[in-house]
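Enquirer: Respectively, the protein sequence lines represent chains G and B.
Every letter in the first sequence is one number past the one before it in the working numbering, and letter 51, counting from 1, is 51.
Every letter in the second sequence is one number past the one before it in the working numbering, and letter 213, counting from 1, is 213.
Worth flagging that the hints you see were computed from the coordinates, not collected in a lab.
Be aware that one or more of the hints could be misleading.
Label pairs and their calculated CB-CB ranges [stated by the list, open to error]:
{"#": "1", "chain 1": "B", "residue 1": "155", "chain 2": "G", "residue 2": "48", "range": "39 to 45 Å"}
{"#": "2", "chain 1": "B", "residue 1": "254", "chain 2": "G", "residue 2": "17", "range": "23 to 29 Å"}
{"#": "3", "chain 1": "B", "residue 1": "90", "chain 2": "G", "residue 2": "1", "range": "31 to 37 Å"}
{"#": "4", "chain 1": "G", "residue 1": "13", "chain 2": "B", "residue 2": "85", "range": "39 to 45 Å"}
{"#": "5", "chain 1": "G", "residue 1": "21", "chain 2": "B", "residue 2": "98", "range": "45 to 51 Å"}
{"#": "6", "chain 1": "B", "residue 1": "231", "chain 2": "G", "residue 2": "7", "range": "35 to 41 Å"}
{"#": "7", "chain 1": "G", "residue 1": "32", "chain 2": "B", "residue 2": "239", "range": "41 to 47 Å"}
{"#": "8", "chain 1": "B", "residue 1": "167", "chain 2": "G", "residue 2": "86", "range": "38 to 44 Å"}
{"#": "9", "chain 1": "B", "residue 1": "76", "chain 2": "G", "residue 2": "23", "range": "25 to 31 Å"}
Don't be surprised by glycine CBs; every beta carbon is placed ideally from N, CA and C.
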Amino acid sequence: MLTTIILQAVTAGASLAAFAKLGAALGAGIAAIGAGIGIGKIGGSAVEAIARQPESVNDIRTTMIIAAALVEGVALFAIIVAVLAIVM
Amino acid sequence: MMCKNKHRGWKLVFLLMFLFTQQSFASQQVEKEPFNAGEFLIGHISDSYSWHITNIGKTDISIPLPIIIKSKERGLFVFFSTKFEHGKAIYQGFGLSKSTKYKGKVVEYLRNGEEYRPLDFSITKNVFSLLISAVLLCFTFLSLAKFYKRTPMKAPKGFQGAMEYLVIFIQDEVIKPSIGKDYLRYSPYLLTLFFFILLNNILGIIPIFPGGANLTGNLAVTMVLAICTFIAVNLFANKDYWKEILLVPSAPTWLKIPIPMMPALELVGVFTKPLALMIRLFANMLAGHMIAMVFMALIFVFGSISPLLGTGVSVFSIFFAIFMNVLELLIIFIQAYVFTLLSSIFIGLSREETSHETTKKALN
Numbered sequence: 001m002l003t004t005i006i007l008q009a010v011t012a013g014a015s016l017a018a019f020a021k022l023g024a025a026l027g028a029g030i031a032a033i034g035a036g037i038g039i040g041k042i043g044g045s046a047v048e049a050i051a052r053q054p055e056s057v058n059d060i061r062t063t064m065i066i067a068a069a070l071v072e073g074v075a076l077f078a079i080i081v082a083v084l085a086i087v088m
Numbered sequence: 001m002m003c004k005n006k007h008r009g010w011k012l013v014f015l016l017m018f019l020f021t022q023q024s025f026a027s028q029q030v031e032k033e034p035f036n037a038g039e040f041l042i043g044h045i046s047d048s049y050s051w052h053i054t055n056i057g058k059t060d061i062s063i064p065l066p067i068i069i070k071s072k073e074r075g076l077f078v079f080f081s082t083k084f085e086h087g088k089a090i091y092q093g094f095g096l097s098k099s100t101k102y103k104g105k106v107v108e109y110l111r112n113g114e115e116y117r118p119l120d121f122s123i124t125k126n127v128f129s130l131l132i133s134a135v136l137l138c139f140t141f142l143s144l145a146k147f148y149k150r151t152p153m154k155a156p157k158g159f160q161g162a163m164e165y166l167v168i169f170i171q172d173e174v175i176k177p178s179i180g181k182d183y184l185r186y187s188p189y190l191l192t193l194f195f196f197i198l199l200n201n202i203l204g205i206i207p208i209f210p211g212g213a214n215l216t217g218n219l220a221v222t223m224v225l226a227i228c229t230f231i232a233v234n235l236f237a238n239k240d241y242w243k244e245i246l247l248v249p250s251a252p253t254w255l256k257i258p259i260p261m262m263p264a265l266e267l268v269g270v271f272t273k274p275l276a277l278m279i280r281l282f283a284n285m286l287a288g289h290m291i292a293m294v295f296m297a298l299i300f301v302f303g304s305i306s307p308l309l310g311t312g313v314s315v316f317s318i319f320f321a322i323f324m325n326v327l328e329l330l331i332i333f334i335q336a337y338v339f340t341l342l343s344s345i346f347i348g349l350s351r352e353e354t355s356h357e358t359t360k361k362a363l364n
């Protein structure tokens, strides 16, 4: 059903900028899903590891924050691509 | 507020949020142009030729910054950006462009009506902020060094103690484990990198002068930092490092001859690692700045529909903006730490000695 709506918009003569915005918004949403899943898994395994060995809390916390920053970096690449899709 | 409740601080903050939300009623008589959220956002995040501080009534208070341009035919021009009167005037053949290609930048209007962008060395808002943070950094660390030189065995107190803690934390937890035994050679660069990024991130989140210029949210600045890391990694690398990249001894031969696929892939990897550093820092800082701006713009967007809606939204908007700024404080430190950590890891990897190198050195 989505493809019929898009095809109707194309035949009605919608400009390419509208599709760029649609694509960019969808891409940003999917990137958010990816980041959410990734960082959720990191947080979950960090909490499990702390439960198993409470005295290594500080090491685990540092590692978790570093890993979360790296995963968030990947999600932000996708955001940059989405912004590029809108402005270019 | 004489109650002995330990939450009276939070109650005061919450009450103050309601107090200041009534001001949106005042200016509804004059016909104003509708609030353009996109321009508001872009104006606050991007670079500009004058540092706008605030609007008092109708007058605009901003710091004028010099524009230094070198036109191809007419030579060097230096003048203050107030001559452009926010893009309305044309001064000596130069003006702020309104075209989509050079929007907001200084262009030279040629005789046939074309626009031409001269060599632009202006002190823009970002350059001025960079100079301020450079002066602050130099002043802080030179006075710290003087303190240590004068009284070497004395324990530092206060601000110097905090700086010493940070420096030792970065050097012992980040630089020394990653690089190994000649970490002192790279320690100046990596420590400078960390404190430069940290200070500029913090200045970006402060809303008023001298803060407020989003310097690390500028792709050019992070690109220069990534290029510096690229040079530090590749210029002083081991022979082993280049052998691993160009000859790839652990890959099967059909991936290297006749088409060198594995070396090409490894070369791409050499470039994408600093690229990832650049984009990570840029995107995090830009996103953090934009979120606070979006919440503020939301107030005005709702306020243009009806003042009551604006008041209601402003309570939640301010609360969320404060919360996002507190989160931004954490992200600031994390991003500076991760940039430095990854730079030192890359440097350490490029200078890593494999086992047969160490045995060769031991035998000689």
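Enquirer: I want to verify a distance hint. Is the separation of the beta carbons of residue 13(G) and residue 85(B) within 39 to 45 Å?
Expert: 41 Å, holds
Enquirer: Is the distance from the Cβ of residue 254(B) to the Cβ of residue 17(G) consistent with 23 to 29 Å?
Expert: Once the Cβ atoms are compared, 46 Å apart, the range 23 to 29 Å for residue 17(G) and residue 254(B) is violated.
Enquirer: Does 38 to 44 Å hold as the CB distance between residue 167(B) and residue 86(G), or does it fail?
Expert: The hint (38 to 44 Å, Cβ to Cβ) holds, given that residue 167(B) and residue 86(G) are roughly 42 Å apart.
Enquirer: Take the C-beta atom of residue 231(B) and the C-beta atom of residue 7(G), compute their distance, and say whether it sits inside 35 to 41 Å.
Expert: 51 Å, violated
Enquirer: Can you tell me whether the CB distance of residue 21(G) to residue 98(B) sits inside 45 to 51 Å?
Expert: Roughly 23 Å apart at Cβ, these two residues miss the hinted range, so it is violated.
Enquirer: So the hint says 25 to 31 Å: do the beta-carbon atoms of residue 76(B) and residue 23(G) match that?
Expert: 45 Å, violated
Enquirer: State, for the Cβ atoms of residue 155(B) and residue 48(G), whether the hinted interval 39 to 45 Å holds or is violated.
Expert: 41 Å, holds
Enquirer: Against the range 41 to 47 Å, how does the distance between the Cβ atoms of residue 32(G) and residue 239(B) compare: consistent or not?
Expert: Given range 41 to 47 Å: holds, Cβ gap about 44 Å.
Enquirer: For residue 90(B) and residue 1(G), compare the CB-CB distance with the range 31 to 37 Å and indicate the outcome.
Expert: Taking Cβ atoms as reference, residue 90(B) and residue 1(G) lie about 54 Å apart, which means the hint is violated.
Consistency with the previously given hints fails for numbers 2, 3, 5, 6 and 9, ordered from lowest to highest.
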